[in-house]
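Asker: Protein chains in written order, with the working numbering: chain A, 1 to 511; chain B, 1 to 481.
None of these hints come from the bench; they were simulated from the model.
One or more hints might be untrue.
[Unchecked claim] Covered by chain A, according to a simulated footprint, are these stretches of chain B (three or more residues, beta-carbon under 8 Å):
| hint | segment |
| --- | --- |
| 1 | 250 to 264 |
| 2 | 401 to 411 |
[Claimed, not checked] Rough simulated footprint, nothing fancy, chain B against chain A, three-plus residues with beta-carbon under 8 Å:
| hint | segment |
| --- | --- |
| 3 | 61 to 75 |
| 4 | 136 to 149 |
| 5 | 153 to 166 |
| 6 | 177 to 186 |
Yeah, the Cβ is synthetic: ideal placement off N, Cα and C, and Gly gets one too.
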Amino acid sequence: MSPFGLDHVLTLLIVIPLAGLVPLLFFIRDDRAVKQVAIVTTFAELILSIVMLSQFHIGEAGYQLHEKVPWIPGLGVSYELGVDGLSVLLVPMTTLLTFISVLYSSGGAIKTRVGEFMAAFLLLEVGMVGVFLALDLFLFYVFFELMLVPMYLIIGIWGGTRRVYATLKFVLFTLAGSLLMLVAIIAVYLASGDPGSRTLSLPELIAGRARFSADFQFWVFLAFGLAFAIKMPMVPFHTWLPDAHVEAPTAGSIVLAGVLLKAGGYGFLRFALPLFPFGTQAWLPVLILLSVVAILYGAVVSVVQKDLKKLVAYSSVAHMGFVTLGIFVLNAQGAVGAVLQMVNHGFVTGALFLFVGIQYEKTHRRQIADLGGLANRWPLYTTFFGVFVLASLGLPGLSGFVGEFLVLLGTFKFNPATGPGGLFWGPLAAIGVILAAVYLLWMFQRVMFGTVREAYRSLPDLSPLEVACAVPLLLLTVLLGIFPQAAIAYIEPSLARIIALATDASFVVLK
Amino acid sequence: MITDVGAVLPEIAVTITALLILLSDAVLERSQARRWLPLLAVAGLVAAIFSGPFTTNGGSYFSGFVIVDTFATFFRVLFCVLAILAVLVAPDYLERRRIPAGEYYATVLFSTVGAMAIALSADLISLFVGIELMTIPVYVLAAMQRRDRYSNEAGLKYFLLGAFSSAILLYGFSWLYGIAGTTAYAGIADVVARDGLTGVTAVAIALVTVGLSFKAAVIPFHQWTPDAYDGAPTPATAFMSVAPKAAAFAAILRVFFGALGPLEFDWSVLLAVLAAVTMTGGNVVALAQTNVKRMLAYSSIAHTGYILAAVAAYKVGGSAGAAVLFYVFAYGIMNLGAFACLAYLDLGGTRGATLEELDGFSRRHPGGALAFAVFLISLTGIPPTVGFIAKVFIIGPVLDRGFVWLAVTIALNAVLAAFYYLRVVVHVYMYDPATGAPRILPAPLLSVGLGVAAVATVVLGIVPDGLYRWALQAAGPFVVR
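Using the sequences and the hints given, assemble the complete structure.
Answerer: Spelled out as structure tokens, the structure:
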């Protein structure tokens, strides 16, 4: 029994948004009631995820709050949930961003078909939370795909003018990767044992991973990697991202950047690395190269963007490059940095999309050239936005710094047997940090300073609701920047274990 | 004799129901008939489901013409369920389109009896009788809208090609009889086990393969499908896109693994190539369609390919057979549902079913649109739906058999299919209704039928284990040792 009297917290985390759907569908015609139900549900979910955080034992590497019930015995599938240091911060991040998205959307950003929007959001939350909790490969896949349809509808119904093109591109890219991963998951199941003892449970698979031959790992890692690389997205699979972000409604952009992209990095660390150490080693050079390319390419492309939302979208490509770089240098600093960077990117880029959305709601312009001088009219907006911009470019004292710093530290320590090492990749990646300062500050200058347009003079500053949405993100950004150790303490033991599994030298493959 | 009759009680129940419907159609007044005939049909089918066992150790009846094993009982229930759905989605459409209701229900039920007979067959003769009893009513169903020339075209095309393929099939059966001197599967199995693959057997197999491929719509024997599905009255299309296909696969399993199972010849590579060609061809052509009925017709060809992939993995044993049965069940519910959703649009007598006509369907009929989306997502193979689980069950044995390329082909085909299925969802959910789009007429029974099917699609996607274990047991007779 836990101190809060809650035993199946993880299951509850999955059930609450589903339960919220019931009253929501009942009131689907009543916009006011629907908004209230959605806000209450996502707030309850947020509180519960904090309860989960409080039940988590810091310093243990293994899975906690573990639950397991057989689901489809014919496929060795069980309903298996658990958290460790990798996921324990990502879950509250998800619930917070969802709550903020719902809160912001209920303020008038979504005007048509509110009931359907909120229903899609709750369903999306089930998928997002489930992805970070599932310890069974099949269950993970189900949640991974469950995120797809609601987001498809959110972009396609409430998006911008080219929404249909953007949403189909998003879905088809994602499906192409994930269906190949499904084939790989079934292949893992078949390779996991003799008929009758096969399983898809992650802990059991890791224990029995010596059965996976090096050749098998090479191909299966490719299939998993492709799915995660598209989701992240890594260059050159990123082309869906700018379209999806630009067309998505603000709330959709927030969770798309804040949460959905993390599913890729999370998948690498949770499944691909510990299960397929040989596959990881085989694909390592390519993945490091692509990560650094993403950092530089994302940054360079961001510099020349004329559309504010597209700029933030491309900056995500660069930031995700840091995440994959941190993962694939295969040392504890890099991995901890990668997870911190994921959490930080969730809050900061989520906030940036929120502010771009707020600004668009007021001015109806997204072209940077059309904006300018807003700082004079909107002091509050400018302050918040400025802090998030600084956090995004990695200013020490704000959350962005620690993650990127640890990733770079890990990169410099990277020392492979063959090929270029950390001293080659590290400086290249560091250039990305400088470029981030260039495009972000230049953007901030063009949008906020200068002379203000006549049409924008009468536009109001942040409303109380918008401030309420931004304050938690601001607090977390500052807190994570000043006390990163608090977060690292949660993350480190589990990540050390994952890296140890991925680099275990004593590990022998049986044919 | 009494035990023989007892063994086929469900078939008798369906037949009697069909006769009762014809009788009451003649006796009852129109308004009375409209109300009671669907209920009578559903009651008869439910009675049929529960008058037989769900699992059994198997028994031979009617001097070896009929076998009642779990394979037969599985399909028996499946056909009755499909018939129930086909009855539920029809009344509103029939009423508005002035299609004679009594004849429609009776024809569906007779076709169902034929399909059940196929699953029960233990002999080429009873198999052939079953096939004809199933398909002839379906030709009638296709042409049931007498004054509509597309419906006539559908019926005629289906009839000509169906008769042609039946002839080829029967010719193949006669070769088998010539080889074995008997028409019983068991007798044929003994002879092919003794003689192995001879030139004569090869000819017989080729003829039977072609005949059954027509029935299942395997490429290149699929050309009748789009026209027949497109022209037929929509509820009839819903029924004929699923029941005959399921029955064709029942026949394929009975003949190839019952009668010809002992052959040492390995046709799995041949079947795998046919499967890959069928799924890819169906999907590629479906991509180009703007008429949703034709699009679903081509996509149903692609689904034949997926099922065939599991058949190709038959050497793996029970899991391959179970995959076929599970997929056929899942496909039956979701594809019938998808076609029936189109009935909302052409209720009023328009020809219906272009993509543009679906614009804003979610605004005009939220419930129907939701059901439609569920079926389409399930057909795509996205969780948590039965279509997703069914694909997983197919990919398993295919990989186990070593056909990695085929598993990858299935995955890539699912992406192709996602494109056109989700494009329909785009029109349903993301476009506004055209100005002057006709109001969608209320169709209460259609909504009930679709609701049941949509709930089943999701529930079976979340708790598939019971159905899968049943399918595994039913596939027992075909486990290759």
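Asker: Now, for every hint given, state plainly whether the structure supports it.
Answerer: Hint check results:
no., hint, in the structure
1, 250 to 264, "violated (count 0)"
2, 401 to 411, "holds (count 5)"
3, 61 to 75, "holds (count 5)"
4, 136 to 149, "holds (count 7)"
5, 153 to 166, "holds (count 5)"
6, 177 to 186, "holds (count 5)"
Violation of the numbered hints given earlier is confined to hint 1; every other hint is satisfied by the structure.
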